[in-house]
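These are the residues of each chain, in order.
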Amino acid sequence: MLTKRIVPCLDIKNGRTVKGVNFVNLIDAGDPVVLAKQYADLGADELVFLDIAATLENRGTTLDMVLKVAEQVNIPFTVGGGISSVEHVDALLKCGADKVSINSSAVKRPELVSELAEKFGSQCVVVAIDAKQIDGEWFVHLAGGTIPTKIKLFDWAKEVEKRGAGEILFTSMDHDGTKAGFANEALAHLSNLVNIPIIASGGAGSIEHFVDTFKEGKSDAALAASVFHFGEIPILELKQKLKENNIPVRL
Amino acid sequence: MKLVIINYGAGNIKSIQFAFKRLGVDAVLSNDIAEIKAADKIIFPGVGEASSAMKMLKESGLDTIIPTLKQPVLGICLGMQLMCNSSEEGNTKGLGIFNVAVKRFANDVKVPQMGWNVISDLKSDLFKTIKDKEFMYLVHSYYAEKCDEMIAKTDYQVEYASALQKDNFYGVQFHPEKSGIEGSKILENFLNL
Numbered sequence: 001m002l003t004k005r006i007v008p009c010l011d012i013k014n015g016r017t018v019k020g021v022n023f024v025n026l027i028d029a030g031d032p033v034v035l036a037k038q039y040a041d042l043g044a045d046e047l048v049f050l051d052i053a054a055t056l057e058n059r060g061t062t063l064d065m066v067l068k069v070a071e072q073v074n075i076p077f078t079v080g081g082g083i084s085s086v087e088h089v090d091a092l093l094k095c096g097a098d099k100v101s102i103n104s105s106a107v108k109r110p111e112l113v114s115e116l117a118e119k120f121g122s123q124c125v126v127v128a129i130d131a132k133q134i135d136g137e138w139f140v141h142l143a144g145g146t147i148p149t150k151i152k153l154f155d156w157a158k159e160v161e162k163r164g165a166g167e168i169l170f171t172s173m174d175h176d177g178t179k180a181g182f183a184n185e186a187l188a189h190l191s192n193l194v195n196i197p198i199i200a201s202g203g204a205g206s207i208e209h210f211v212d213t214f215k216e217g218k219s220d221a222a223l224a225a226s227v228f229h230f231g232e233i234p235i236l237e238l239k240q241k242l243k244e245n246n247i248p249v250r251l
Numbered sequence: 252m253k254l255v256i257i258n259y260g261a262g263n264i265k266s267i268q269f270a271f272k273r274l275g276v277d278a279v280l281s282n283d284i285a286e287i288k289a290a291d292k293i294i295f296p297g298v299g300e301a302s303s304a305m306k307m308l309k310e311s312g313l314d315t316i317i318p319t320l321k322q323p324v325l326g327i328c329l330g331m332q333l334m335c336n337s338s339e340e341g342n343t344k345g346l347g348i349f350n351v352a353v354k355r356f357a358n359d360v361k362v363p364q365m366g367w368n369v370i371s372d373l374k375s376d377l378f379k380t381i382k383d384k385e386f387m388y389l390v391h392s393y394y395a396e397k398c399d400e401m402i403a404k405t406d407y408q409v410e411y412a413s414a415l416q417k418d419n420f421y422g423v424q425f426h427p428e429k430s431g432i433e434g435s436k437i438l439e440n441f442l443n444l
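Heads up: the protein sequence lines correspond to chains A and B, in order.
With our numbering as the guide, the letters of the first sequence map in order to residues 1 to 251.
With our numbering as the guide, the letters of the second sequence map in order to residues 252 to 444.
Worth double-checking, as some hints may not be accurate.
[Stated by the list, open to error] Straight line, CA to CA, 20 Å or less: simulated PhoX-like cross-link-like pairs of lysine-lysine: (1) Lys253/B with Lys272/B; (2) Lys272/B with Lys119/A; (3) Lys37/A with Lys253/B; (4) Lys272/B with Lys306/B; (5) Lys68/A with Lys272/B; (6) Lys265/B with Lys94/A; (7) Lys384/B with Lys94/A; (8) Lys436/B with Lys37/A; (9) Lys265/B with Lys37/A; (10) Lys309/B with Lys119/A; (11) Lys119/A with Lys436/B; (12) Lys243/A with Lys309/B.
Derived from the structure by calculation, the hints contain no laboratory data.
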């Protein structure tokens, strides 16, 4: 049986991990390779690296980081942040990234999703969608949730699926950072609407939240950052609890 | 030991090369027929779409060479699928090494299957010391049907062949290079065949 995935997300700036990460005694908590290896050993199913300060100038630094991670880490990983061209994706995949995640660039030019899927296959194209509720309706937002668009979340999800996205990473900006649980109602609706895997993101605060997003939210994977980085939720314990709740996990 | 990864333009071969490097083996990337023929072991990778990958194989003349190889060959993911008779993806005629058809998952499950699933009924030295129902990482929309050449099966609404073997030819649907320590053991077993 296919298992539900637990995905720690690491923020990257100039090839280094940012936000304090102190779940174990690490010699260098800013080294993405050290952290990625640690997470792989602790039972993470996949990793996401998000380049939060991506610019054309530091692209080389990120590629170099991807190469180093691929060299040493034996679980799949996705790279996102500032990706807007086929050439850039080609370079990332050639350095060993398994998947790339695109967000604003897809909203600005939806053809990018089709181009990537056609050239590299849907399996490596993750479309990240940030959305917020306005008067009870979900709208896609850009730039970390700061810029609203007129695009409705569910329409956009259908469109990226049609264009060949292999997976959707949905972040609810209303839940992100609250530690009050994932946006399960919207997630469940998404999961029924499209036939590609959905990664839940935004709102993880307790083990119960993960149980809920897999059961009520029908998510295929759940992504979180701080609860893992600060050791608030040890991955092994989380997976054991999920298993006790009859949620299939890799243990 | 000379290990060659067939480089015909399809997919993420860097990860496979790195996985062997972690095992202390330097794999050579090549599309040179003489170099491939001279190798001790050969990896046939592949990610992407079947018909375009097959087209690339044909352009380099590898489609007629691969079925004649005598040394152990391991097809990974799309590589394995191309070694089958045919694929529903792009109505592609395969290399015909494995006598089985590749079909698309029905829409009653999420497609692609993406993530960790178990392999069971393991029947080859490729899986030496690998326990039944070990987890492997898979990403695919098409699958090989159960058949006589099946050496591992996986269940995703339908039971299908997640590994195949015929003589010196091996194929795995999962990504051993991305499947943690256990995946790495399978690559090591391949080197020891």
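Going down the list of hints, with the structure as the test:
no.	hint	verdict
1	Lys253/B with Lys272/B	holds, 13 Å
2	Lys272/B with Lys119/A	violated, 28 Å
3	Lys37/A with Lys253/B	violated, 28 Å
4	Lys272/B with Lys306/B	violated, 30 Å
5	Lys68/A with Lys272/B	holds, 13 Å
6	Lys265/B with Lys94/A	holds, 6 Å
7	Lys384/B with Lys94/A	violated, 32 Å
8	Lys436/B with Lys37/A	holds, 17 Å
9	Lys265/B with Lys37/A	holds, 18 Å
10	Lys309/B with Lys119/A	holds, 18 Å
11	Lys119/A with Lys436/B	violated, 31 Å
12	Lys243/A with Lys309/B	violated, 47 Å
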